[in-house]
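Trainee: Fit chains C and D to the given chain S structure using the hints.
The residues making up each chain are set out below.
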Amino acid sequence: MALTTATLVPEGRTEAGRVAGLLSSPWLSFLRRRIISVVVILILLATVTFSLVRLIPGDPGIIIGGTSSTRAEQMAIDHRLGLDQSFLTQYGHYWSNLFHGNLGTSFVTQDPVTRILKQNAGASLQVAGAALLVVLLISIPGGIVLGALTRDQRHRQVENWFTAIASVIGALPELLVATLLAYFFALQLKIFPVGGTGGLTALVLPVVAISLRPIAILLRLVRVETLSALSTDYIRTARSKRLPTRTLYLRHVLPNVVTAALTIGGLLFADLIAGTVIVEAVFARRGLGTTLVNSVLSRDYPVIQGMVLVLGVAVVAANAVVDFLLASLDPRQISR
Amino acid sequence: MKLELHGLSVRYGRGRNLMTAVDGIDLAVPAGATVGLVGESGCGKSTVARAVVGLVPTSGGRILLDGVDVTANRVRNRPEFRRRVQMVFQDPYASLNPRMSIQAILKEAAARADGSRPRRAPAEMAELVGLPATVLGRYPHQLSGGQRQRIAIARALAVNPGVIVLDEVTSALDVSVQGSVLNLLRDLQREMNVSYVFISHDLSTVRYMSDTVSVMYLGRIVETARTEDLFARPQHPYTTGLIDSVPRLHAPRTTAPLAGDLPDPRRPPTGCRLSPRCPVGPLHRPDREICHTTDPQSIAAQKVHEAACHFAVDAAHAVVPAP
Amino acid sequence: MIRAFFRSPSGIAGSCGVLLILLDSIFAPIIWGKRAKAFNVLQGDKGPSGKHWLGTDRLGHDIFYQLLVATRLTMEMALGATAIAILVGIPLGAGAALLPQRLRMIALRGLDTLIAFPSLLIAIAFAAVLNPGKTSAVVGVGVGLSFSFGRVASSLTLAIRDREFISAARVVGVGRMRLLVRHVLPNIADSLAIATTVSIAASVVTMAGLSFLGLGVQLPSIDWGRMLTTGVGSFYLTPFAAIGPGVAIALAALAFGFVGEALARASNPVLWANAGGGTSPRSTCDADTERADDPHESDAANVLEVNDLTVSFPIDKRREPIVRGVALDLAPGEMIGIVGESGSGKSLTAMAIAQLIPHPGQVGGRIALNGKDLQRVPLKDVDRTLGTSLAVVFQDPMSSLNPAMKIRNQLIEGARHHRGLSKAEAVLAARRRLREVNLPTPERQLERYPHELSGGQRQRVLIAMGLMNEPSVLIADEPTTALDVTVQAQIMDLLAGINAEHGTAVILISHNLALIAQNCDRVLVMYAGRVVEEMTAEQLKTQALHPYTQALLGAVPDMSQPRAEPLVSIPGQMPDVHSVPAGCAFHTRCALAVERCSIERPPLLLQTDRHRVACWVATGEPSAELPAHASVAAGEAS
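Protein chains in written order, with this note's numbering: chain S, 1 to 336; chain C, 1001 to 1323; chain D, 2001 to 2638.
No wet-lab data here; the hints were simulated from the structure.
Hints may contain errors.
Stated by the list, open to error - DMTMM-like, lysine to aspartate or glutamate: derived pairs with alpha carbons at most 25 Å apart:
| id | chain 1 | residue 1 | chain 2 | residue 2 |
| --- | --- | --- | --- | --- |
| 1 | D | Lys2541 | D | Asp2558 |
| 2 | D | Lys2317 | S | Asp152 |
| 3 | D | Lys2380 | S | Asp152 |
| 4 | C | Lys1107 | D | Asp2162 |
| 5 | C | Lys1303 | C | Glu1004 |
| 6 | D | Lys2317 | S | Glu159 |
| 7 | D | Lys2541 | C | Glu1228 |
| 8 | D | Lys2317 | D | Asp2576 |
| 9 | C | Lys1002 | C | Asp1026 |
| 10 | D | Lys2541 | C | Asp1244 |
To be verified - Selected chain S positions facing chain D (in silico; Cβ < 10 Å):
| id | residue |
| --- | --- |
| 11 | Tyr234 |
| 12 | Leu272 |
| 13 | Val277 |
| 14 | Ser295 |
| 15 | Arg332 |
Said to hold, decoys possible - Only some residues are given here: those of chain S computed to face chain D with a beta carbon under 8 Å:
| id | residue |
| --- | --- |
| 16 | Ser37 |
| 17 | Ile56 |
| 18 | Arg154 |
| 19 | Val168 |
| 20 | Tyr183 |
| 21 | Leu187 |
| 22 | Thr232 |
| 23 | His252 |
| 24 | Asn256 |
| 25 | Ile273 |
| 26 | Ala281 |
| 27 | Leu292 |
| 28 | Val293 |
| 29 | Val315 |
We put the beta carbon where it would ideally sit given N, CA and C, even for glycine.
Extracted from the complex, chain S is given alone in its bound form (with noise of 0.2 Å):
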């Protein structure tokens, strides 16, 4: 047995060896690659942006101004767009704005884009942010519970009412839902107000309108990954090391669970982005939802742009940091 010791230690470690090993471990490949390939994302949704006022079928000049405008009022426009200038020259210029951090104006209130971004981008990511904390910290320990309560086909009532239920509320617009909450606690119980962007109480019903759907989702999503996590070889070999339960669920399910529940998680924060624009106007609030939508019905072209840049930018970033996360819990990804 000595021979199979002397086989396995691995060939000369020196110096040089070891420092070329802490430049290529897997870790300093991942975050390479992974930051590669976040910067080439963002190249291409800068240039879909840019590309979004050129592809305007027609002249933007007319589309814009409309047809009772007057050819200079469109050559205006045109100008103020870039659109006069040659493709190469637009791009360039839309680069260097970008490095400089300008956005460009609104049409309508002639406000700097950013200015607008700032004002409006906070409420909303109070909702989002709100939201994605509700949602995370109801479905991953309730996902567990139920996870463990219907495990090897326990507790068959449980299970069929809770997909019952799921299913219904995953179905319910947050239209809908917006609604209905608006109805109940604000105009016949009133609990909260009915709309505003200030105050804790504001935030509730919002927050609570857009986090049903993905709850639901998400909730059904870890019980199935705990139940799978529970009939994993790995977790029989933690049985038969007769590890209390709470031990057993901390340590050895949870991670896995989390795991599952994150891929999901940087999609669903998505969604909430997209149901903050909803339950903004629903709820008469200020935010991004609200201006992009105002932005698109008045044509306002320079604050379209900057809104899909950053919600783009928001998606990204949500979804690096979930891969990065990842990353830390489950070894394995880092070699993917």
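Mentor: Just chains C and D now, kept in the frame of chain S:
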């Protein structure tokens, strides 16, 4: 039908992930004979099977069928070739389409047989592999593993092939069914004069089925000999180690098993690929530096059993140091 | 499959709903078109009444009829968006999956990023470029949903491409076209159908959101979303003007969602095989009264004693015993083997001893570990008793270690919990154990994750983990089946070494007779849940009595057997749990079976020294002239 492989190579991936799964192997399967190909997981034996039937493209070497060059992947995807070389896969659960009845599976294969001979009816084919005609109306999931593997054999036979590649055909089967499937394959060979390439990790099964045996290690064939010779007088230390590792009913194991694990096939060791694990190599005999520096593959032809080992004769008589 | 689909309540409800919606969208505009358009300003903004079930809007349109008529436009748009999603998504995904490996990785990552963009936002971007309206909504939602379709298509393509039956069909010479039509499509049709229904449900909801924002359908056209918008405007006057269309949207989404879910469940062939399969002939195993076999004499020195062990599971509402009356004893330092095929109950026996039978399985009988009857041990001490005296090594070292935990933590947690070791002490012990199982540089191995080790190394880690609390019994369940032969030999040497050095008693479970004969002192042969023969390893080699044991010995080629001899063919296969034949379970496959074998179960009786066998023929009593104790059984069985 005679099948020959000359210096066959198969490479996967590229750059850092380039892997030479099969590295210049020679194999000759005479008509009506069985050649066994044995080795551990990752040695490339299944890649050989897939390359022969044209499921993966070759990267070098030649494949001859009755002396005719069929190396080009295009050629091996032609119906004429398909009719002559068939394959049976390891997992009879995965290799039958779950949405097709047994009748449809057998009919589909028979329809591709050479038109000059009368086509066999599905019932006849089922009977050939020892199954009643009642299985024809069933679907794969309604059959047992042994029955499924018989259907897979019947499908391969349906086109009247000259060569069948059998890739680990019994390793997914229950112990009590393995015997009857192996018997069936031996009987069918006698009846139909078909050649087999019998691939397995199980030495005793390969010994039972094959006329000659080639031993593979990390993409190379390290030893080839007639079955009796190979098992009675192995020349290569890897073959010796492999044979000694097999548990036997009547004899306790006397030697220490080969140490260590299979190295990463993407970065095989220099010189002899067994050198880091070899019980008669530089690990135990520091004077045998040649094993690290010189690849013994080229001298194989001069050795008994074409054993690719610098000290092949040694290996046969060597007393492996006790642990 | 169809039967399985309609078996589920949600499948029936969903398909009824979908049918109603489709019929409504075809016929409603023809039948009620006029009524929906009729208005009366004087009757505006009224609540529900007998005449107007959902009340009226500001101009006095009847909301109920409007809702019915608006179904067509709503469905047209949802179906249109889904059609775009399919037409764009499937080629996109399938194409990405067929790219060469490196490009494929990039394309799939890109697709993953695109999925993250909610279709509502994509549709808004389209509304910004095109004129906001029907077209921009349909195209926008369609493109937004196409990415998830692409993802489904790409994973299906990848999965199908690697399926062996596709390779098998290619080898037989099946052409590309037939391959696609006969082999690929039938196997992915369900998944695509599921994705389609889910996508319709999603587009109904997204479309409503767009209309609500004013970026969807523009007046005078109306769809449900547009009606909802109008309704929300007058919500505080007539809430039903909003609730009506809201509920319609939710119901439509539910109906399509239910159909998708029911399809998903019904397309699992394992499920519908059970649901639609015929009933196999079942034995009257109740008549097969359990009777104590020749009892093992109890020996206080045994580390493990098992008597009359049964494991049963409910199958088709009946409780079926899968392990029936197994008895075994294990002396300190002894190594015994349990051999049998899959379905013989050998693994369940081991799991029952280790108290790891999952719900709803039930274990009966007596298990005593180090003289302590586990049923008498207070519940709170059972875990400690088992955790410190018994360890299990499982078959698949690849999946038996927690992938998200370092080797160190997996090794020390048991010792810390049961023996109260400090972290430093436990790590020290872990290092010692790793050295014992011949893993080089234990310090480094402790900091690694399972995926960084080879199969053989992982199995060594699992064995080291089992040894952490110095157990008196180690159960090794097919510990080498997933490993190569050379590694198998290393692991067996290791187990034998542990057995010899520490005096740990070992139960080795395997289907490989030679492996067991080579390594164990005694052997138990199991068939259909029972021990049919028990003997020493020496007796197994030359004096096996049971026809099943003999057949097993002859069914696999052995290295020392002459090659020309044919192998033993055992007809048939191991019976299912619920179709175990009456009498001797093996009699239907046995060449020596006589009439008695099919009527009366042979008990496991002591033959010669330490050799027990359960067979009428082998024990020389095939006739009905029975010894007194057996005739009782015959009476019970008839």
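Trainee: Lys1002 (chain C) and Asp1026 (chain C) were given as a pair; does the straight-line alpha-carbon distance stay at or below 25 Å?
Mentor: holds, 14 Å
Trainee: With a cut-off of 25 Å on the C-alpha distance, tell me whether Lys1107 (chain C) and Asp2162 (chain D) pass.
Mentor: Between Lys1107 (chain C) and Asp2162 (chain D) the Cα gap is close to 24 Å, so the pair holds against 25 Å.
Trainee: Does the CB of Ile56 (chain S) sit less than 8 Å away from some CB of chain D?
Mentor: holds, 6 Å
Trainee: Taking the least C-beta to C-beta distance, is Tyr183 (chain S) closer than 8 Å to chain D?
Mentor: holds, 6 Å
Trainee: Taking 25 Å as the top limit, are the C-alpha atoms of Lys2541 (chain D) and Asp2558 (chain D) close enough?
Mentor: holds, 12 Å
Trainee: Is the interface hint for His252 (chain S) satisfied, with its Cβ closer than 8 Å to some Cβ of chain D?
Mentor: holds, 6 Å
Trainee: Run the distance test for Lys1303 (chain C) versus Glu1004 (chain C): straight-line Cα separation, threshold 25 Å.
Mentor: holds, 21 Å
Trainee: Holds or violated: Val277 (chain S) as interface residue toward chain D, Cβ cutoff 10 Å?
Mentor: holds, 7 Å
Trainee: Straight-line Cα separation of Lys2541 (chain D) and Glu1228 (chain C) no greater than 25 Å?
Mentor: It holds: about 23 Å lies between the C-alpha atoms, which stays within 25 Å.
Trainee: Can you verify the interface hint for Asn256 (chain S): is its Cβ closer than 8 Å to any Cβ in chain D?
Mentor: Check passed: Cβ of Asn256 (chain S) comes within 6 Å of chain D, closer than 8 Å.
Trainee: Once the shortest beta carbon distance from Thr232 (chain S) to chain D is found, is it less than 8 Å?
Mentor: Constraint on Thr232 (chain S) satisfied, holds at 7 Å.
Trainee: Under the criterion of a CB-CB separation shorter than 8 Å, is Val293 (chain S) in contact with chain D as hinted?
Mentor: holds, 5 Å
Consistency with the previously given hints is maintained throughout, with no hint failing.
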